[in-house]
Amino acid sequence: MTSGRPPVLSIRGLCVDFPSRHGTLRAVRDVSLEIAPGEILGIVGESGAGKSTVGAAITGLLQAPGQISAGEVRLSGDIIDTRDANAMQALRGRRISTIFQDPLTSLNPLFTIERQLVDTIRAHRALSRAEARVEAVRQLEAVGIPEPAQRMTNWPHEFSGGMRQRAVIALALCSQPELIIADEPTTALDVTVQAQILKLIQNLARERRVAVMLITHNMGVISQITDRVAVMKSGEVVELGKTSTVLSRPCHEYSQALLSVVPRGDVKLSRFPVAGSARNIDAAMKWLLESNSQHGSGGADALVELRRVNRVFGVPRLFGSVTHGAFKALDNVSLCIRRGEVMGLVGESGSGKSTIAKIVAGLNPPSTGELLFNGEDVYAARFEVRQHIRRQTQMVFQDPYSSLNSHMRVADIIMEPMIHFGLEKNRQLAEPLMLELLNAVGLEASAARRYPHAFSGGQRQRISIARALASRPSFLICDEPTSALDVSIQAQILNLLKDLQEKLSLTMLFISHDLPVVRQMCDRVTVLQKGQVCEIGEADDVFNHPRHRYTETLLSMIPSMHRPVELIQATS
Amino acid sequence: MKRLTRKFAALFGSDIGHSYLRSPGALFSTMVLLILIAAALGAPLLAPQNILDPRTLDLLSANTPPWSANALTGHFYSFGTDDQGRDVLSATLYGTRVSLLVALVAVLLSMSIGVTLGLISGYFGGRTDAAIMRIADVQLSIPAIFIALLISGLSRTLLAPGVRDTLAIYMVILAIGISGWVTYARTVRGAVMVEKQREYVQAALMIGLPTRTMLLRHILPNVRRPILVIATISLALSIITEATLSYLGAGLPPTQPSLGTLIRSGQDFLFAGEWWILFFPAATLLTLALAINVLGDWLRDVLNPRGL
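Chains as they are written, first to last, in the numbering used here: chain A, 1 to 572; chain B, 573 to 880.
If you are wondering where the hints come from, they were derived from the structure by calculation, not from laboratory data. One thing to keep in mind: the hints can contain errors.
Below are the DMTMM-like pairs computed for lysine to aspartate or glutamate, each with C-alpha atoms no more than 20 Å apart in a straight line [claimed, not checked]: (1) Lys358/A - Glu771/B; (2) Lys358/A - Asp331/A; (3) Lys530/A - Glu348/A; (4) Lys233/A - Asp486/A; (5) Lys498/A - Asp540/A; (6) Lys768/B - Asp119/A; (7) Lys328/A - Asp540/A; (8) Lys233/A - Glu184/A; (9) Lys358/A - Glu767/B.
Covered stretches of chain B (chain A as the covering partner; in silico rule of three or more C-beta atoms under 8 Å from a C-beta of chain A) [stated by the list, open to error]: (10) 772-778; (11) 790-798.
Just so you know, these numbers come straight off a predicted model, no measurement behind them. For each residue, glycine too, the CB sits at the ideal point set by N, CA and C.
Please work from the sequences and hints to get the whole structure.
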């Protein structure tokens with residue numbers, strides 16, 4: 001913090017209320033903070049902590065019926081009246097710029113990048129069209145877009161995710177703002193791109209003396225580029241201080257808890273650390289164990305095997321099956337998952353992780369190649385065999401808000417597979433088992449009567465796991481099971497999966513883009529790049545001695561809070 | 573009883589119930605609708621005259637103006653009578669009954685056709701979808717009233733005159749029902765295509781549920797909101813389509829009059845100054861359609877389905 005000059009942003013006692021007919025919800029309470037020129041302040045917290053609301057309140061973009069009920073906001077010393085819509089309009093984009101999470105939606109798809117930049121520049125500065133064009137090229141160059149003069153004529157859809165986010169940052173910089181509010185700017189991006197964007201934001205803050213408020217849930221991002229950090233919990237700032245101090249010696253118990261649950265990428269621990277007291281799940285799982293003794297005696301070592309699998313996606317024509325513009329999602333993938341092991345599958349978006357999950361799940365046949373389950377060709381199997389395989393293969397999905405039918409009670413959701421596969425004849429017989437399953441995943445029996453909307457994301461994911469176990473599977477596919485959850489909940493769910501895997505000796509395919517999580521969960525790891533397998537090996541080997549260059553790059557890009565910033569800069 | 577009150581409390585405590593109690597338009601139109609429905613249901617009890625039985629007509633009281641007693645017979649008529657001494661109030665009550673019945677059944681018919689085809693089209697996709705949607709496109713390019721006229725006209729030429737009048741009501745229902753399925757099919761198809769991508773459907777696919785169970789248990793409940801909105805709005809539309817058909821003479825016969833039939837017979841007397849024969853059925857038709865539309869608009873705002 002530099003003394004002498006006033007801070008760019010100064011907030012005193014800010015409170016934001018959301019009145020509703022059920023009473024007033026105070027989303028932000030008594031928040032005070034300052035950001036100096038060239039400083040990056042991180043705001044970290046779990047979902048619902050009010051971190052985005054702080055950003056929205058400053059820019060006057062609070063969603064109705066939210067309103068600032070107390071406190072003042074000063075921008076370089078001037079009090080700003082967030083209730084005056086016209087004044088705020090003049091302020092936004094001129095003195096304060098915002099970078100949002102999704103670069104796909106923050107650019108207008110109907111205008112070229114050039115048009116959007118030139119229009120923005122001319123709206124803020126008295127420049128001719130030609131001068132604005134030159135300025136636009138300069139801005140794009142500054143954010144690291146190669147050949148800016150040519151690329152500028154492109155449409156947003158011709159840019160990759162990282163390029164789009166760069167263009168958004170260029171737009172934010174056009175008006176030479178004093179303050180940039182970046183709300184989860186890298187959450188939608190792959191790790192390799194994330195590292196570049198963070199570096200860019202850091203350099204811009206340093207060079208142009210712009211103050212940056214970086215809102216994120218990711219501790220790694222915080223440790224990598226912020227100077228100071230504010231930890232928020234249910235609307236309050238519980239700790240504010242130098243990033244290095246807060247990360248190494250957190251004072252508040254919530255910050256300590258938040259830090260302790262971040263999975264580590266460097267060493268393997270037997271369990272994920274959980275904040276507070278963990279619920280010990282040790283129900284009588286006789287029923288679940290029964291099944292595993294039956295098919296645990298298979299001869300082959302491999303339970304699931306992909307053989308030279310290709311998957312091509314094409315654009316189907318109206319009438320007929322002629323395809324054009326085909327896209328090869330999987331290219332000659334061979335993969336073998338051994339009985340009782342946890343196989344990790346990592347790769348960036350578009351690498352074919354989810355396509356493999358769908359093929360293995362039996363939802364989407366490969367274009368060529370075959371999927372073997374217990375030595376049986378799944379997609380060529382007779383109906384009875386297919387049903388048997390279906391019962392043994394279950395999946396835990398990514399999005400807990402879309403993976404449960406909101407019009408069915410939890411009891412019915414869990415009992416559906418039991419009854420469908422004839423594991424129990426009727427509801428009366430299935431009910432005690434369903435309650436046992438709920439208990440096994442750490443939910444109260446009263447949950448059975450309720451509908452999914454009554455549960456939080458973490459609880460929904462527990463229901464989803466209970467449903468997956470209800471058919472007594474031997475093979476469980478987990479497709480990014482925790483990427484939609486907060487980090488403290490993530491640890492609980494991962495521990496649950498780990499316990500269940502060990503107790504029921506499940507075979508598991510664990511898909512994630514989060515490398516530290518994969519390191520903790522998996523016995524072996526497969527690294528995918530653009531539809532091809534580049535490395536398969538024991539998890540420890542892959543993480544400690546990667547053989548493939550791409551694996552190395554991926555590993556070096558993990559924003560880790562256990563490593564100093566300089567190391568990451570050196571690799572990028 | 574206690575359970576019922578609790579259920580009511582829960583209904584009005586919910587967000588939809590809350591918005592309902594605070595929407596004067598919705599409240600008022602529900603009241604109007606309830607009155608009209610009660611009047612239509614109670615027509616045999618409420619109506620002074622059984623207009624379906626020609627023996628009850630009072631020829632001596634013909635052409636009595638509304639809210640006056642007939643000079644010859646001394647009978648009082650609140651809505652007046654027509655040239656055959658038919659009480660306009662009774663005719664309007666019976667007419668509302670027929671109009672509502674036809675519209676309701678027609679809506680149920682077009683809803684079942686449209687929802688079924690929409691589910692199939694959206695769920696299976698590919699050629700099935702292309703075929704169903706092309707048929708829908710063709711039908712959309714012809715005005716609904718024209719299709720209804722065509723079906724109604726065909727039935728007239730094919731059926732014997734005696735059977736014709738007894739079957740007329742079914743023919744009108746069929747005509748309106750078939751002409752209205754496209755809206756349901758298109759909306760449901762779109763909603764199904766969105767739902768199909770959701771993970772709960774994938775989860776249900778993984779246990780290999782039969783398609784029927786899949787569609788009825790998992791997908792249908794999740795697409796019912798837009799169906800409800802369309803059904804309400806198309807109820808008003810069906811009432812008007814029926815009235816149009818009957819007005820054009822392709823609908824219900826004068827022996828079994830609907831509001832449209834009454835308007836048709838009433839217009840002959842308009843220039844003779846006997847306005848009431850046309851006015852009361854027309855005003856009832858307007859009120860009915862308006863009330864349903866206001867309710868439908870409110871439902872649409874509250875349930876907020878996409879693409880409507």
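Comparing the hints with the structure gives:
1. Proximity of Lys358/A to Glu771/B is assessed by CA-CA distance (about 11 Å); at most 20 Å being required, the pair is judged to hold.
2. Of the supplied pair hints, the one linking Lys358/A and Asp331/A holds, its CA atoms being roughly 15 Å apart against a limit of 20 Å.
3. Of the pairs offered as hints, the one joining Lys530/A and Glu348/A holds, with about 8 Å between alpha carbons and a cut-off of 20 Å not exceeded.
4. The hinted pair formed by Lys233/A and Asp486/A meets the criterion: a straight-line CA distance of about 13 Å does not exceed 20 Å.
5. The suggested pairing of Lys498/A with Asp540/A holds, with an alpha-carbon distance near 17 Å, which does not exceed 20 Å.
6. Proximity of Lys768/B to Asp119/A is assessed by CA-CA distance (about 40 Å); at most 20 Å being required, the pair is judged violated.
7. About 31 Å separates the Cα atoms of Lys328/A and Asp540/A, which puts this hinted pair outside 20 Å; it is violated.
8. For the suggested pair Lys233/A and Glu184/A, the alpha carbons sit about 17 Å apart, so the restraint of at most 20 Å is met.
9. Our distance criterion of 20 Å between C-alpha atoms is met by Lys358/A and Glu767/B, whose separation comes to about 17 Å.
10. Given as covered by chain A, the region 772-778 of chain B passes the check, having 6 residues with a CB less than 8 Å from a CB of that chain where 3 are the minimum.
11. Residues of the region 790-798 of chain B lying with their CB closer than 8 Å to a CB of chain A number 3, which satisfies the three-residue condition for coverage.
When each numbered hint is compared with the structure, violations occur for hints 6, 7.
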